[in-house]
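Trainee: What follows is the residue order along each chain.
2 protein chains.
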Amino acid sequence: MLDIKKLYEEDYIGKEVELSGWIRNHRKQKDFGFIDFYDGTCFKSIQVVYDTKLDNYEDVTKYHIGTSIKVVGKVIESPAKGQEFEVSATKIELLGDCPEDYPLQPKRHTREFFREIGYLRPRAALFQAVFRIRSLAAHAIHTYFQERGYVYVHTPLITANDGEGAGEMFNITTLDLNKLPLDKEGNIDYKRDFFGKKVGLTVTGQLEAETFAMAFKKVYTFGPTFRAENSNTKTHASEFWMIEPEIAFCDLEELMDIEEDMLKYIVSYVLDKAKTELEFLDKFVENGLIDKLTKLVNSKFTRIDHEEVIKILKEAKVKWEFAPEYGEDIAKEHEKYITEYFNGPVFIKNWPKDIKAFYMKANPDGKTVAAVDLEVPGAGELMGGSQREESYEKLINRMDELNMNKEELDWYINLRKFGTCVHSGFGMGFERLLIYLTGVDNIRDVIPYPRTPGNCDF
Amino acid sequence: MLDIKKLYEEDYIGKEVELSGWIRNHRKQKDFGFIDFYDGTCFKSIQVVYDTKLDNYEDVTKYHIGTSIKVVGKVIESPAKGQEFEVSATKIELLGDCPEDYPLQPKRHTREFFREIGYLRPRAALFQAVFRIRSLAAHAIHTYFQERGYVYVHTPLITANDGEGAGEMFNITTLDLNKLPLDKEGNIDYKRDFFGKKVGLTVTGQLEAETFAMAFKKVYTFGPTFRAENSNTKTHASEFWMIEPEIAFCDLEELMDIEEDMLKYIVSYVLDKAKTELEFLDKFVENGLIDKLTKLVNSKFTRIDHEEVIKILKEAKVKWEFAPEYGEDIAKEHEKYITEYFNGPVFIKNWPKDIKAFYMKANPDGKTVAAVDLEVPGAGELMGGSQREESYEKLINRMDELNMNKEELDWYINLRKFGTCVHSGFGMGFERLLIYLTGVDNIRDVIPYPRTPGNCDF
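Protein chains in written order, with the working numbering: chain F, 18 to 475; chain L, 18 to 475.
These are calculated hints, taken from the structure and not from any lab test.
Note that beta-carbon positions come from the ideal geometry of N, C-alpha and C, so glycine has one too.
Just so you know, not all the hints are guaranteed correct.
[Unchecked claim] A short list of chain L residues far from chain F (calculated; beta carbon distances all over 10 Å):
hint, residue
1, Ile40
2, Val66
3, Lys108
4, Arg140
5, Leu197
6, Asp200
7, Lys234
8, Lys328
9, Ala374
10, Asn414
[Unchecked claim] Heads up, incomplete: computed chain F residues facing chain L, CB under 10 Å, no partners named:
hint, residue
11, Arg140
12, Trp428
13, Pro465
Produce the complete structure using the sequences and hints provided.
Mentor: Below, the structure is given as structure tokens:
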């Protein structure tokens, strides 16, 4: 079965073709009709023209939007404006009909309505663009790392570690909640659960990825991650995909090189492979999208210390909602200001240790850690990374300061005992990247079937 | 930092290099020493030779296996047999030491022991081979589908559907199990759980993938899947990765074309990119591995009806443990016999409907469905697929026969109402493929951190 995409890639003028797909739109005149016809293999549809010469002409005129049909016909140059060719049908066969009250009509639907018909929305132009870009961006990421010799690691989803200790894990169990087994002390006896202990869904694959970086030098993860956070915002989902590269013998400066190079690669890839989709998004979703992406590819990313950023923010003649402070995190308004200030992406590095994770490398100043966040114009924080603490003693001391349970992470700590080395890594939320790439501002609209508090449909 | 891999790809003889990595083995003579040195970027290590000219010669002689070091030196032609070049060190710097009782010693460890030190085993030769092949095979799969225009879909992991109704789902909750909320009837009130209903971990992404095939024509999933099955075998894990392609306007015959083509592509890709790893596995894990894989690429897959297979099995002069029967499933011994009988991979198609899933297309005979399993010599069943029932009425009737809840799958059923079409898809367990590709026979040894009943470490 020929893909419609092929018609746009090779010259089919004058050739007979057989196509299967769906009716996106249908205009009937007195003795002929036009079908806006697509099969999902490319963003563009193609115009099918038919007339009374068809045996089943009368039937065909009644086909509603959404109907699936097979078209046999000849590709001819198109007299219509804005299209090079069309298909003059010699045969149109009904494959699957569609009622007149089909929810997807050729008019503007709200995003909320699309979410309610989540199983149909991938057929709409907006989601044809978004989900093809999602697929292309995923492949760009794999290709970037594979071509550079990275090993793709599938870190586990079910885990007994609560990651960064944020307590935002979903619990997993096969126990019968109506008859929970109790131990002698009257506590739930997790020894009788499927894994013999309390487990949940991972919030990060980083720690396991580090064990692989200590074996393969350059690795990356790309898989689902979960957060049982009860927040209903445009940028939070309970299930999302993350990319977490981890590189041995790599310090913070080299890590920033990789982050910058990777991001430019992905954006270039999508600019190249999703031209039509981006043009549509530029027109209907975010004006200037293509310029924004092109500019990123050609920009030099700024690198600046957190302390310097606070200084700039304090000196700025801006009335802040949240006052910038040394030693503290920065707010969305600050992120926005600083990328505008430097007119491009900014790596903010060397963060106050108290607002960052336990595994980040302590700087000699005793106050900061070798962490780096990448702030991108129009996206905010797109990646977060750090050099990891490679010293056994320093890591142990930091975990003690934070009252962490060292026992359950003994394997992670032991990496510092058996041939430790300078190493670094970062995490990038895949959906955050997609929001940036597509201009679609709600995470629910870049995930096929989003999971958020109170929502788990399809 | 130069990758050791580069030394094997380009000519570095006579050049000064700087390398970082780990000591795999260390032999000391009176006035010089040999370090078997690797950095994980390729399967091969490289020999580093040093002598008393090093400032820290005495210290270096004491470095244990597992120590991470930086080596500066010149690449020279090697006088040693079996290697073309080695590095003559002018400087060796200690990065991270390693105690003498490092668990990974250059001797044969059991697979069970390796599992206990799961965070160190990727450093061992066997797992360097296995996990690099895992990464390469994953990329082969993405590349195969992307080059052919398929859209990669991230189907949800958390779901309220129990998939094929097998009741083997892990439950997910954020309820406090010590204070479970009850409704008026005294049942657990899942309305107060995170998603407002009872949810679990998916057993398949197929149903959601079908919704995307109805929009993009050709799609595939590649993600984790879960099974809360209490079985401790060499081929079962509770968390594993699956590939589930789904194609619109594709019947069972065309589906088999795709399965055969894809498998040959993956195997060819791995044969090409993991030559050294496969040679190692051929020598130490499965003699004849490379021949087996090469033969597959060059074979023509047989296609035969289930009924015919039973006939052949019945006529075979073999004392079966399980007697083959028309209308029933086949056992491992039958799978083995039939691939040997045809001396190659065999598609067994048109299975008795009662042993197959509800969504498979009913054949005109009223007894069988358009399902197909691919049996591969040395692997057994590697893929399972089917043409899907595209008729609304037939699907509804079959679900009623099986007493299924139609309400929770209304969206799936509705696909048959809105422009339905012939479509087909298959599933391939990624680890089953890896067992075949590597010769390693236990699923626990092809997953970075395997989850099985009672086991959830790291």
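Trainee: None of the hints should be skipped; say for each whether it holds.
Mentor: Results for each hint:
no.	hint	verdict
1	Ile40	violated (8 Å)
2	Val66	holds (20 Å)
3	Lys108	holds (16 Å)
4	Arg140	violated (4 Å)
5	Leu197	violated (6 Å)
6	Asp200	holds (12 Å)
7	Lys234	violated (4 Å)
8	Lys328	holds (34 Å)
9	Ala374	holds (18 Å)
10	Asn414	holds (17 Å)
11	Arg140	holds (4 Å)
12	Trp428	holds (4 Å)
13	Pro465	holds (6 Å)
Hints 1, 4, 5 and 7 from the earlier list are contradicted by this structure; the remaining hints agree with it.
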